[in-house]
Amino acid sequence: MSGHSTYQPSNGFARWLDARLPVGRLVWDSFVDYPTPRNLNYWWTFGGILSLCLGVQIVTGIVLAMHYTPSAAAAFTSVEHIMRDVNYGWLLRYMHSNGGSMFFIAVYIHMLRGVYYGSYKAPREVLWILGCVIYGLMMATAFMGYVLPWGQMSFHGAVVITNLLGAFPVVGEAITTLLWGGFAVDEPTLKRFFSLHYLLPFMIAGVVILHVWALHVVGQNNPTGIEPRSKADTLPFTPYATVKDGFAMSLFLILFAVFIFYMPNALGHPDNYVRADPLVTPQHIVPEWYFLPFYAILRAVPDKLMGVLAMFGSIAVIFALPWLDTSKVKSMRYRPQAKLYFFIFLVVCVILGFCGAKLPDDQVIPGLTTIKVFDSDLNSFVWLSRFSTLYYFAYFLLVMPLLGLFEKPLPTPETISSPVLGGDKKD
Amino acid sequence: MLRKVTLLAAALFLVGGPALASSKAHAPREVAFSFEGPFGHFDAAQLQRGYKVYREVCSACHSMDLLAFRNLGDKGGPFFDPKYPNANDNPVVKALAAEAQINDIDGETGDAMKRPGIPADRFPAPFANAAAAKAGNNGIVPPDLSLIAKARAGGPEYVASLLQGYVAAPAGLTVPAGLNYNAWFPGDVSAGWTGDHGHVPPGGFIAMAQPLTAGQVSFDDGTKSTLRQQAEDVAAFLMWAAEPKMEERKQMGFSVLIFLILFSGLTYASYRRVWRNESH
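Chains as they are written, first to last, in the working numbering: chain A, 1 to 427; chain B, 1 to 280.
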C-alpha cells in the first residue's frame, strides 16, 4: 500500500484510542481508503465472497457442534437429530454442507482468475503462496468434515484416503496409525477429525489475515496486469469496491440459496445417508466433487506410491507457479497463446473431474472397443485421465516456462487508466 | 484384515482391475409425486395410506429407528391436525402409538416389561438385534427405512419402481436359492445368465421376496389398492420420513429467494449510482 494514512479521528475517544491502539486507523486504511485499481472486473469479487463463505461455515459450524456427538455410535444419529429435532437444524446443516461446495466453487474461480491475470507474479509471490496454504487447509478441513456424519461414504472415503499415506516408504505406516489413532478408521479417528475440523477453520482465518495483509502491501493486480502509476488509476476501496463486492455476494447468495432450499443433496452422495458399516464397502467410493480431479490423477498412475505422489504433486506444483511462469507480461489479455493453453487447461480439469467420478475401466464412448494398451482399453476413463494428467503437469512444467520465453505478447497499455479512459472497454 | 481388504480394494482401483461387468438396472419409473418441484407439498392422504402399507407390510422386517410416533402428527406429517400443534396431544397419534407394544423396564421391580406406546416412543424395531434380523432373513439385515428414500440413487421413484419390479426372470436366467430377480435392483445377474453375454438382463438378485401384491393393503379412504398405488404411497411416506422438513424448506426458500433478488436489485442500483461518474 502506498502513501500515508489519511485517517482523521472523528471525536475525542477516537483520538485517544488512536494514540494507544490504532485499530480505527487500520480499518480505515485497509477497508475504506485503500486504493483499488479502477478497472477490476467481477472476477475480482471472489475474494470478498470467500470471506463470506468462511464466515458462514464458521458460524453454522459452531452451532452445529453444539448438537453434534463425535462418536462412532452416535454421530450418524446426532446429525439426523439436528435434521429433525433441532429448531432450524436442517437449515444449519444444509447451509454447512452446501456451504463447503460453495466455498470450493468460489476458491476455484478465485485461483483461476489469479492464473489468467498473472496475479502470482512479482511482487505477489508471497500473497499467492499464502493463498495456496489456505487452499490446502480448506481441503484438509473439507475432507475431515465429510467424515463427521459417519455415513458409508464418510467412513470408506476416510479409509481410502488415509490408506494412501501408508504408501510412503518407512514413515507411511506411522503416519496412518497416528491419523487413525489406532490400526483402522474407528472411534479415535472420528474424534480427532472432529477436533481438527473445529481447529483448522480458525487457522484458515489466521492465514486469511496474512493473505489480506500481503495483499494490502503489494496492492491488487488488475485485468491489465499493469501496476497503478498514479491516482487516476485507482479508486478508494469504500464505496467503490465494497458496493461492487456486495452486489456480487448477493448474486452468489442466490446460487447458494437455490442449493440449500431446492437441491440440498444434489452435491452429496446417497450412500452417506446409510450409517457407516466397516464390513460393507460401497460399490463405488467417490470423494466430494471438488476432489474429483485429484482423485482421477491418483488413479491414473498404475503404481500406488507414484499415484499418491502425482496427486500431491498436482497440488504442490501450484505453489511454484510464480517461478514456473517466465512471461514478462502478467495478464493473458495480452497473451493470445497463453490464453489458448489456459482454456485447454480448464477443459482438462473438468475432464479430470469427470474421470474421477467414473469407474476407471468404463468406456468413454460406449460400445467402442479399441486396442488394449498396457493394462486397459484405450477407450476407458483410466486412459482419458492419463492423457489429461499429462496435460495438467505439462501445462505447469512445460507450457508455462517455455511460452514465456518464446511467445510474442500483444502490446500492453502504458497505464491502467489509458485503456480505461481511452474507451477501450475489453471484458 | 479389514485394512488388507481396503488396501486391496484401493489397489484394484489404482490398477483399474477387472471391469465390474455390471448390467444396468432399469432407470426408475417417473412418478409425478405431489412433493416435487419448488412448491411441492406432501399429500396427507397419500402419506396416511403409505403409513398403513409400512405398518402392515414393511414393518414386519424393516425398522425405522429415526421416527417417533409424534412425528406422524408434526406439521407436514400424515396425521397433522392444526387443532393439536403439539403432536403429543393429537388423539390419532396417541391411538397409533398405543397400538404398539414398547419394551421398557418396570420402575418398581426393574424387570423387563412391555407397555403400550406413547407419542414420544420411537417406532419399535421388528427384531431384537442384528443377529436376530439376519437369522430371520436369509443372513441379510433388512435395511432401516428411516432414510431409504434419500439413501438410494433415484430416491422415492427408485423405491416405488423396486416394489413393482418383481417381474418374471427371463428364460435362461437361473435365480439363486433364497434370492429374487428384480429388474430395478442394481446388481449383476451375469453369474446366473446362460444366454448371450452381450445381452445380460437388467436388474439384480435381491434377498427381499416380493413384499406387495395388488389388494394386499385395504385403504380406509376407498382408494383402489393396486400394486402401483401401494408402491407409490409407501414411497411418498418414506420420502416424508427421510426429509420431514421438505415443505418448510421449500417455503422458506421461496421467501429467501424473493428477498435476495430484491436485495441484489437494490445493491445493483447503488453500485450504478456510486460508479456513475467513474469510468471503468
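Among the clues, some could well be false.
What the hints assert, rightly or not - Cross-link-like lysine-lysine pairs, in silico, DSSO-like; alpha carbons within 30 Å at most:
1. B:K150 <-> A:K358
2. A:K358 <-> B:K24
3. B:K224 <-> B:K150
4. A:K372 <-> B:K24
5. B:K224 <-> A:K191
6. B:K224 <-> B:K134
7. A:K358 <-> A:K372
As the list claims (entries may be wrong) - Covered stretches of chain A (in silico footprint by chain B; criterion: 3 or more residues with CB under 8 Å from a CB of chain B, positions within the stretch not fixed):
8. 254-263
9. 266-274
10. 309-323
11. 336-347
Said to hold, decoys possible - Covered stretches of chain B (in silico footprint by chain A; criterion: 3 or more residues with CB under 8 Å from a CB of chain A, positions within the stretch not fixed):
12. 94-107
13. 238-246
14. 251-258
Simulated from the structure, these hints should not be mistaken for lab results. All values derive from a computational prediction rather than experimental measurement. All residues carry an ideal CB built from backbone N, CA and C; glycine is no exception.
Each hint tested on the structure:
no. : hint              : in the structure
1   : B:K150 <-> A:K358 : holds, 21 Å
2   : A:K358 <-> B:K24  : holds, 14 Å
3   : B:K224 <-> B:K150 : holds, 28 Å
4   : A:K372 <-> B:K24  : holds, 24 Å
5   : B:K224 <-> A:K191 : violated, 52 Å
6   : B:K224 <-> B:K134 : violated, 34 Å
7   : A:K358 <-> A:K372 : holds, 19 Å
8   : 254-263           : holds (count 6)
9   : 266-274           : holds (count 4)
10  : 309-323           : violated (count 0)
11  : 336-347           : violated (count 0)
12  : 94-107            : violated (count 0)
13  : 238-246           : holds (count 3)
14  : 251-258           : holds (count 5)
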